[in-house]
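Asker: As a plain string of letters, each chain reads:
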Amino acid sequence: MEFGLIYELSTPRPFTRETQKAVYENAIEQVVLAEQLGFTSVWCVEHHFLEEYSHSSCPDMFLTAVARETSTIRVGFGIATCVPAFHHPIRWAEKAAFLDILSGGRVEFGTGRSSTWNELGGFDAIVDDTKKTWDEYIRVIPQMWMNERFGYQGQYHKMPERNVLPKPWQDPHPPMWVAVTAAGTELDAADRGMGALILSISDVERNVPRIAAYRERIKHCNPVGAFVNDKIAIANWMYCHPDNALAKQRGEELVGTFGYMAGQTVEVSEAYPASNYTALGLLGSLRADPTAPGEQKPLSSGLCFGNPVAVTETCKRWEAAGADQLVFMIQAREQLPQADVLESLRLFGREVLPQFSGGTRRPMAVNA
Amino acid sequence: MSAVELLYGQRPGATVGASAAPLNTGARDEITLKEVEIHYALFELPMASVLPRLPESLHPSVPAVLGITVWRCLAGPLGAFSLAYLGVACRTGIKPRHFIHGAFCDRPEVASWLRDRYGLNCQLAKIHSLETYDRIHSRIELNAIPVLDLVTESAIPLVGRGAVVKYSPILNAARLGNDAALVQMETSFDFKRVLRGVPRAEIFDAHALGDATLRPHYPISGTFAVADVRLHPARFRLDASVPAEQGGARKI
Numbered sequence: 022m023e024f025g026l027i028y029e030l031s032t033p034r035p036f037t038r039e040t041q042k043a044v045y046e047n048a049i050e051q052v053v054l055a056e057q058l059g060f061t062s063v064w065c066v067e068h069h070f071l072e073e074y075s076h077s078s079c080p081d082m083f084l085t086a087v088a089r090e091t092s093t094i095r096v097g098f099g100i101a102t103c104v105p106a107f108h109h110p111i112r113w114a115e116k117a118a119f120l121d122i123l124s125g126g127r128v129e130f131g132t133g134r135s136s137t138w139n140e141l142g143g144f145d146a147i148v149d150d151t152k153k154t155w156d157e158y159i160r161v162i163p164q165m166w167m168n169e170r171f172g173y174q175g176q177y178h179k180m181p182e183r184n185v186l187p188k189p190w191q192d193p194h195p196p197m198w199v200a201v202t203a204a205g206t207e208l209d210a211a212d213r214g215m216g217a218l219i220l221s222i223s224d225v226e227r228n229v230p231r232i233a234a235y236r237e238r239i240k241h242c243n244p245v246g247a248f249v250n251d252k253i254a255i256a257n258w259m260y261c262h263p264d265n266a267l268a269k270q271r272g273e274e275l276v277g278t279f280g281y282m283a284g285q286t287v288e289v290s291e292a293y294p295a296s297n298y299t300a301l302g303l304l305g306s307l308r309a310d311p312t313a314p315g316e317q318k319p320l321s322s323g324l325c326f327g328n329p330v331a332v333t334e335t336c337k338r339w340e341a342a343g344a345d346q347l348v349f350m351i352q353a354r355e356q357l358p359q360a361d362v363l364e365s366l367r368l369f370g371r372e373v374l375p376q377f378s379g380g381t382r383r384p385m386a387v388n389a
Numbered sequence: 070m071s072a073v074e075l076l077y078g079q080r081p082g083a084t085v086g087a088s089a090a091p092l093n094t095g096a097r098d099e100i101t102l103k104e105v106e107i108h109y110a111l112f113e114l115p116m117a118s119v120l121p122r123l124p125e126s127l128h129p130s131v132p133a134v135l136g137i138t139v140w141r142c143l144a145g146p147l148g149a150f151s152l153a154y155l156g157v158a159c160r161t162g163i164k165p166r167h168f169i170h171g172a173f174c175d176r177p178e179v180a181s182w183l184r185d186r187y188g189l190n191c192q193l194a195k196i197h198s199l200e201t202y203d204r205i206h207s208r209i210e211l212n213a214i215p216v217l218d219l220v221t222e223s224a225i226p227l228v229g230r231g232a233v234v235k236y237s238p239i240l241n242a243a244r245l246g247n248d249a250a251l252v253q254m255e256t257s258f259d260f261k262r263v264l265r266g267v268p269r270a271e272i273f274d275a276h277a278l279g280d281a282t283l284r285p286h287y288p289i290s291g292t293f294a295v296a297d298v299r300l301h302p303a304r305f306r307l308d309a310s311v312p313a314e315q316g317g318a319r320k321i
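These protein sequences, in sequence, are chains A and B.
Take 22 as the starting number for the first sequence in our numbering and just add one per residue.
Take 70 as the starting number for the second sequence in our numbering and just add one per residue.
Straight line, CA to CA, 27 Å or less: simulated DSSO-like cross-link-like pairs of lysine-lysine:
(1) B:235 with A:153
(2) B:261 with B:103
(3) A:152 with B:235
Simulated from the structure, these hints should not be mistaken for laboratory data.
Could you build all of it, start to finish, from the sequences and the hints given here?
Answerer: Structure below.
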């Protein structure tokens, strides 16, 4: 079991230059400390126009800054949006390879497609096509990395033979992942031999069948890259404090703030009925009764809030469920003072992390 | 924990529902309207026009969204009628809702039924809505003058699990005893057919439609659905001044 951090870079109002800079600088300071404590990965989302919720429009830049301040922690795109109106696939191949070199081969390449009208509408993207474009991107990007020259004619892009430069430091290429919010996407990941970065704010037990289904299905995959990345990372929350009740109270406030910020966005399913956005998405996991006006879900038992004993127990349950990594959100809109966030990390690093044996599993061999 | 500035509506709660009709909390019957034709269009509009209109207990959606809904019911327990309402997207806590600022109905007894149970305060109007092969067209006329002409074109059928429309429940001002409150119209839908296309408001008299400042700005989606609509009794009242997350939502 390994541990990481994931950043939305949420930002409180009023949006001042100073506040924005502080959010980015605080996050980098947290990652530098996390590496010293034994965390093995940091992930950064890509979002656009999501006021408060995420001011993380350029994950590649954040991860580059982090990479130059650290030496071992892996840097993950969580995610790179595979939608033509946002990015050309060549640009993702270039950026990820560039960062892989600057980081000394530490890139994890997470992919996805966006789920808000804020973003897809803002870029005038073709909403109905995002699953299709994602599939095309994840097939061609590894080819751009591995082939000296590569050309293709796809449904959404075409290119004559070119040498996409630079090539990544990792040989043959960085591990490929997909972000999983809606139930069932973990099976898409498995079929394509990709890691599943599952955002789960629910109980551990609810994820056991999903993890088992992924494990079974990936045995029969057709990998999009040169190897199978059979890993499951659970994106979740963590706040650790000696006072168990205080930790849970603060955790509840963090999740409440996250829900408030996420709630204001306009999910595709709310605004633009489409066959490729039928699931409730992120907000579905936050709501209790969608027709009731006020009540919130009780705090999930899968969240890592509490004193070191309680957090260890929750992490052990995730490990037993089959998760390879837990990647934590540890801040929301700077609600916690930076000193408290750092102290929570130190406590976790001192008392929780040593109880788990790290160690990255070797990639599975490519199916013949 | 640090103090934070949250985004809420700016309209004082005390100004909401001053002239609203009393809610009949004793009406607990449920009815089903078969094969209602629902034309629903969403547009973005400037956030600056929405915040002053939303009660202070509600969060806006970001971006700001205007919803236009037209029902054509050909038969059922309320008889044949047409209904139209307009609202802006908002959030009670984290839940999507539309706060209604204009409503219209072509039958006085149906208007009375809706006002009685949900506080939906309809003006009498002539309402026309029709799906043809090339478009869905809805019109509201007041005193023989069209105040809304809504067209959805380039519609394609949605199939399988995608053949649904997630209508946000609507909030209306009503009086409960001596207090004004926001009441949620409780509906559930069994979809038979759904189309999605591009909406356009060819006539939009914002003043006549309930608020001169709320105008469609950028099209999001237009849908046409045929659905059985179940109307449930009102269950919740929401304070116009106190947010749901601070205890402003109560069961009726």
